[in-house]
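For chain P, the structure is supplied; the task is to place chain V on it using the hints.
Protein chains in written order, with the working numbering: chain P, 896 to 1375; chain V, 3 to 98.
Just so you know, the hints here were simulated from the structure itself, not pulled from any lab data. Yeah, the Cβ is synthetic: ideal placement off N, Cα and C, and Gly gets one too. All clues given are correct.
Pairs of lysine-lysine residues, derived as BS3-like cross-links and limited to a Cα-Cα distance of at most 25 Å, are as follows:
#	chain 1	residue 1	chain 2	residue 2
1	V	Lys8	P	Lys974
2	P	Lys983	P	Lys1024
3	P	Lys974	P	Lys1024
4	P	Lys1129	P	Lys1108
5	V	Lys94	P	Lys1112
6	P	Lys1358	P	Lys1307
7	P	Lys1358	P	Lys1278
8	P	Lys1008	P	Lys1199
9	P	Lys1331	P	Lys1353
10	P	Lys1024	V	Lys85
11	V	Lys80	P	Lys983
12	V	Lys94	P	Lys983
13	P	Lys1369	P	Lys1284
14	P	Lys1036	V	Lys85
15	V	Lys80	P	Lys1024
16	P	Lys1112	P	Lys983
17	P	Lys1199	P	Lys1009
18	V	Lys94	P	Lys1024
19	V	Lys94	P	Lys1036
20	P	Lys1199	P	Lys1238
21	P	Lys1238	P	Lys1253
22	V	Lys85	P	Lys983
23	V	Lys80	P	Lys1036
Derived coverage of chain P by chain V (criterion: at least 3 residues anywhere in the stretch with Cβ under 8 Å from a Cβ of chain V; other residues may be distant):
#	region
24	911 to 920
25	924 to 937
26	948 to 955
27	1174 to 1185
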Amino acid sequence: MDYEAVIGLEIHAQLLTASKLFCGCSTRFGDPPNHNTCPICLGMPGVLPVLNRKAVEFALRMAVALHCRTNPFCRFARKNYFYPDLPKGYQISQYELPLAEGGYIDIEVDQTKKRIGITRVHLEEDAGKLLHEGLTESDSKSYIDFNRCGIPLIEIVSEPEIRTSEEAYEYLTQLKTILQYLEICSGNMEEGSLRCDANISIRPAGSSEFMTKTELKNMNTFRGVQRALDYEIKRQAEVVEKGGAIERETRLWDASQQVTIPMRGKEEEHDYRYFPEPDLVPLVTDESWVEEVAHTLPELPTAKRDRFIREYEIPKYDAEILTQSSPLADYYEQCVGYCHNSKAASNWIMVEILRKLKEDNIDIEQCPLSPRALAELISLIDKGTISGKIAKEVFEDMYQSQRSASEIVQEKGLVQITDQEEIRRVVSQVVESNPKQLEQYRRGQTRVFGFFMGQVMKATQGKANPQLVNKILKEILDSS
Amino acid sequence: MAITIKEVEYIARLANLEFSPEEKERFTHQLSQIIDYMGQLQQLDTEGVEPTSHIIPVSNVFREDRVRPSLPREESIKNAPDKGEGFVKVPKFLET
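If we strip away everything but chain P, and leave its shape as in the complex, we get (with noise of 0.2 Å):
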């Protein structure tokens, strides 16, 4: 039988405020053990939380971004459980009245654009950091961490709509871009700055009924996602066609085998007791806050994407290529600006630059090369200066020495010959010098041709203007 999957995402963003949601505790990465808390975040007795207006407003933009729904009075409720890396023993999460909710997002997957319902985008607060490995007494201790704990987090839930694998990792990838672009969450899924849980049923083909999921957790990457849910669609496949039962239970990836195993321990309950937290007063986003974050919102990446294509007529793919991030794009459109070659440019980030750097593993905000030193090679070899072939040689200098393109040109003596006289002279040297590549050109294999092209460019070390080399070239040979 055919079945189709039916899968919710659950994402936690980590909000890149400086100090935690409801106290003054920083919320630096890296850190050592137990450094930034406070009697607020460790849950002490009497203490009263505080909320951070910057959260608040990360959230709301996230909040637009999706079309969502803000739901102008909203307040934080308690969600109570045991677990070692939650002091208090209650988390401050939203639940009835969550800050906005009813959004979505357009993904394309294989040309065919569909849209995924967003349910919910509400604020909470991270949990602290548990380690079962590496330290001394590992073997029979956990190690707990509470730098995290109190850090803002928004939980973006999606409506059961996605389908496919592929499905849930382009929502992500859209999801990820969208948070970098508004500036309020690094996206680094290693880091656990951005974690994804996902519900995931199957059904008959064509089915509407909602059969019992199970839920997938420790996912560490994008890929990670996608290769869980596949395994997991094949399990309950096979599991429903032998005629059992699909149990409800929480699953967790196994990265090094490649599987998914149930939780193993007492499955906890699953009975939070939600109520409203007694020490914070509602949150009230008037309709001038939420349209005051409207404005601010930077240009989106699906509406930079479709600029790109428009303004600067280049193909789709390269669009979705430079807006994969707002530094990038920028990167561009300054490129642009100053070389005017909107296709060029775009040839020179997406296969040069952005291989360069993927080599040196850092991001375009630390590349030494500026978007002024590349559109100057890219002027160069469009007034024909240097040619495309030693331009490439000219990149990889200004890459390492940060010189201009035009300094390193005129020190190695790079300039293009295009001196008609000098180029004959030295295709006719080359002619004469193989008379048997000569003859066989004469009779008829004109392969050769490549040859004499290969040895004259060779004699003027890369430097001859290609075109006219060919032209000269046919013409001495035809008329030898």
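Structure of chain V alone, referenced to chain P:
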């Protein structure tokens, strides 16, 4: 409405508490009384009254996003019965 001993045990488990059989018996009785009283409250006519979670008419109390000094680590983990290497230690439990 009567509370059963099973419900008391369930609530105790959620609250991470252990009770003796006598205590369970006592709480069964006491919790039933509380629930009964709630039942009385339920009979009140609250038609047209907004559900209230906060009785003072205050909203939007914020702090600015500024870092303030945290507790020195010795202080913050002082109460933990077991600690080492800057961490709080608990008996080993694993997610997998």
